[in-house]
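S.K.: For the record, the sequence lines run as chains A and B. Numbering follows the working numbering, with no gaps: position 51 of the first sequence is 78. Numbering follows the working numbering, with no gaps: position 93 of the second sequence is 95.
These are computed hints drawn from the structure, not numbers from a lab. Small disclaimer: the values here were computed from a predicted structure and weren't measured. Virtual Cβ for every residue (Gly too), placed ideally from N, Cα, C. Certain hints may be false.
[Claimed, not checked] The calculated label-pair distances, taken between Cβ atoms and stated as ranges, are:
hint, chain 1, residue 1, chain 2, residue 2, range
1, B, 113, A, 58, 26 to 36 angstroms
2, B, 392, A, 90, 48 to 58 angstroms
3, B, 447, A, 118, 52 to 62 angstroms
4, B, 394, A, 80, 45 to 55 angstroms
5, A, 58, B, 315, 39 to 49 angstroms
6, A, 63, B, 113, 28 to 38 angstroms
7, A, 97, B, 255, 32 to 42 angstroms
8, A, 61, B, 21, 24 to 34 angstroms
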Amino acid sequence: MIELIFKDRCSSCGSCVRICPSNALGLDTDGKPLIRDQAACQTCFMCELYCTADALYVDPDCEHPVALNAQEIRESGLLGQYRRDSGWDEWAADPRYANQHWRMDAIFALGYSLLAPAAPRTTGETDEKR
Amino acid sequence: MCAASSFYSATGASQSLELQADVLVLGGGLSGTWAAIAAARAGARVVLADKGWCGASGVTATAGPGHWWVAPEERRAAIDKRLASAQGLADPHWMARILDCTWRTLPTLTGYYDFPRNEQGVPQYRGLRGPEYMRGMRRLAEDSGVRILDQSPAMELLRNADGRLAGARGWQRQARRDWQVRAPAVVVATGGCGFLSRLLGSQTNTGDGHLMAVEAGAELSGMEFSSYYCIAPLDSTMTRSMVYTFGSYFDAAGRRLEIVPGPNFTNALARALLQGPVYCRLERVPETLRAHLPYVQPNLLLPFARRGIDPYRDKFPVTLHAEGTIRGVGGLRVVDAHCQTGVPGLFAAGDAASREFVTGAMSGGGAVNAAWALSSGQWAGQGAARYARGISFARNRGLLLGLGGIGMPRQPGERTPDTRSLVRRIQEEMHPYDKNLFRTASQLTRSLAVLENVWDHLRHAPQGHGGDPLRVRETAALAAVARWCYGAAQERRETRGLHQRTDAPTQRAEFDLHLRSGGLDRPWVRRDGLPAIAWPGFENRSHHA
Numbered sequence: 028m029i030e031l032i033f034k035d036r037c038s039s040c041g042s043c044v045r046i047c048p049s050n051a052l053g054l055d056t057d058g059k060p061l062i063r064d065q066a067a068c069q070t071c072f073m074c075e076l077y078c079t080a081d082a083l084y085v086d087p088d089c090e091h092p093v094a095l096n097a098q099e100i101r102e103s104g105l106l107g108q109y110r111r112d113s114g115w116d117e118w119a120a121d122p123r124y125a126n127q128h129w130r131m132d133a134i135f136a137l138g139y140s141l142l143a144p145a146a147p148r149t150t151g152e153t154d155e156k157r
Numbered sequence: 003m004c005a006a007s008s009f010y011s012a013t014g015a016s017q018s019l020e021l022q023a024d025v026l027v028l029g030g031g032l033s034g035t036w037a038a039i040a041a042a043r044a045g046a047r048v049v050l051a052d053k054g055w056c057g058a059s060g061v062t063a064t065a066g067p068g069h070w071w072v073a074p075e076e077r078r079a080a081i082d083k084r085l086a087s088a089q090g091l092a093d094p095h096w097m098a099r100i101l102d103c104t105w106r107t108l109p110t111l112t113g114y115y116d117f118p119r120n121e122q123g124v125p126q127y128r129g130l131r132g133p134e135y136m137r138g139m140r141r142l143a144e145d146s147g148v149r150i151l152d153q154s155p156a157m158e159l160l161r162n163a164d165g166r167l168a169g170a171r172g173w174q175r176q177a178r179r180d181w182q183v184r185a186p187a188v189v190v191a192t193g194g195c196g197f198l199s200r201l202l203g204s205q206t207n208t209g210d211g212h213l214m215a216v217e218a219g220a221e222l223s224g225m226e227f228s229s230y231y232c233i234a235p236l237d238s239t240m241t242r243s244m245v246y247t248f249g250s251y252f253d254a255a256g257r258r259l260e261i262v263p264g265p266n267f268t269n270a271l272a273r274a275l276l277q278g279p280v281y282c283r284l285e286r287v288p289e290t291l292r293a294h295l296p297y298v299q300p301n302l303l304l305p306f307a308r309r310g311i312d313p314y315r316d317k318f319p320v321t322l323h324a325e326g327t328i329r330g331v332g333g334l335r336v337v338d339a340h341c342q343t344g345v346p347g348l349f350a351a352g353d354a355a356s357r358e359f360v361t362g363a364m365s366g367g368g369a370v371n372a373a374w375a376l377s378s379g380q381w382a383g384q385g386a387a388r389y390a391r392g393i394s395f396a397r398n399r400g401l402l403l404g405l406g407g408i409g410m411p412r413q414p415g416e417r418t419p420d421t422r423s424l425v426r427r428i429q430e431e432m433h434p435y436d437k438n439l440f441r442t443a444s445q446l447t448r449s450l451a452v453l454e455n456v457w458d459h460l461r462h463a464p465q466g467h468g469g470d471p472l473r474v475r476e477t478a479a480l481a482a483v484a485r486w487c488y489g490a491a492q493e494r495r496e497t498r499g500l501h502q503r504t505d506a507p508t509q510r511a512e513f514d515l516h517l518r519s520g521g522l523d524r525p526w527v528r529r530d531g532l533p534a535i536a537w538p539g540f541e542n543r544s545h546h547a
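Take these sequences, add in the hints, and give me the full structure.
M.R.: Put into structure tokens, the structure is as follows:
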């Protein structure tokens, strides 16, 4: 769930509040986001993706709030990782982060071929695909 | 039923937003955006209302569908293969329609989605990454002239004095005011219902559209096919299943478990989880692939990175999250090629609609379901635009009647039912593997009794809204969908596709039929024989039984 907001990094653009699918965030009197309803957070990480200031941190635990050391997170390199790996904004032109999603079919096929020599051929209808 | 002009005004909310449109689309996910765009292209004035934010809401935005994408010369074989798994309940003509529509549509997104090229320089259209796909769909909707209302859950459909469908109204949860859209045609694209499991991106999908449409007179189909589950690391939402084809699975004592990717994967994992914790290690992911994975699915590895787990070396506990009807099959029954429900002017698309036409008794997975969402959305949008053209402007005036019943807030104030405990009671019937995945008549009967009790509780509860008009209504929708799922599951006394009855473990010819359902205080199930379908080599049996 959403755990940390680094207000010193925040640009007060309001994107995270606006785009949160479950309306878990609100604005404080300074126009910066606050965690309005943590239990409503659906741990989808979309707020991080839309935060060009990398000022939010969502913990992967979707069931329980966790105690975090904000300083450790700040120095961990995890802030902005999702946005960078997605090749958004300033990373869009960086070939290291180009979208390789199209490899999914080949990856499924590889997974099954490692299991059994007579693996099902991918014809675009792999049931698990998403 | 209350008059439209005084919906929540007693909350002290600012003045309500009132709009007129030809087509109103409820839901801004994959099918909803396609519906809105298609309706706008057909010349309609379109409003789209999303519970969250169109572009980030729903199960597409957080994942990434590989569509059912088959070249024309390979379609016959692909259809025949799926017909075999559909176990008599699908229609090959609808399969051909979505294959054709998907093939023609995806390349038109160029400019809104940056289709990558493979090593040979060929654009790759089949699989789209979710956040970028839905960001592009939002932009395309805006460029097409669609008016988008974000953070605007619909609460109920409306009728006019003639008894015709006349739009919907709801709540703007950030602006804190009512909204109302008068429109002769409405597309329900509110997604499936996973009963608030931790399935990635599914917290907005609480079955609201199913409830609203049934209140307006629509019926459902295939609700017994509602038991899809997806693997994720324990306590996480990361239901990206691709990499688990490379998993090895262990029990708490470190013994290897016979859990093999393929058709029996979910059953084997669920049985093991009923015995105790199950651990996974992704040791078979080749080194070369590990370097690519963060750029194939950038969210896949977030839970591991943030816990300091090396999933290729360390064992980590896993679980299965319920998807209900999301990658299940059942939903609103559409009765014509434009995805109209039985209610004139009311259309259904995507996961909110029954997908039996294209999947039969088996899940369509992400691929067929994405092709269905894209196609049914466009057909519903076109159908809604065409329907609206036949409605005179005069009918767009006058008094409106709200059709919402159970769970509608009727007064301001704090006196609301304890939705948290009611939701938990619904989940305790709909999520456990030994209740929903492995079904028996006796357990279904017990679960339905609990769900009936929840329903009664909601019916007789105080009708305040505690500052959040949506929560009680969502709880009612969850309860309604749960009762429809299990009502149909009880009626289908056999095992077929997704629907597994351990007390009736084989498929039976007498159930070569569709189960329709509906009803509110008195839910019902009806058996409909299969229609005759002309397709070489294909025979669905009940029409000549």
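S.K.: Confirm or reject each hint.
M.R.: Checked hints:
no. : hint                                : verdict
1   : 113(B) - 58(A): 26 to 36 angstroms  : holds, 34 angstroms
2   : 392(B) - 90(A): 48 to 58 angstroms  : holds, 51 angstroms
3   : 447(B) - 118(A): 52 to 62 angstroms : holds, 55 angstroms
4   : 394(B) - 80(A): 45 to 55 angstroms  : holds, 51 angstroms
5   : 58(A) - 315(B): 39 to 49 angstroms  : holds, 44 angstroms
6   : 63(A) - 113(B): 28 to 38 angstroms  : holds, 37 angstroms
7   : 97(A) - 255(B): 32 to 42 angstroms  : holds, 38 angstroms
8   : 61(A) - 21(B): 24 to 34 angstroms   : holds, 31 angstroms
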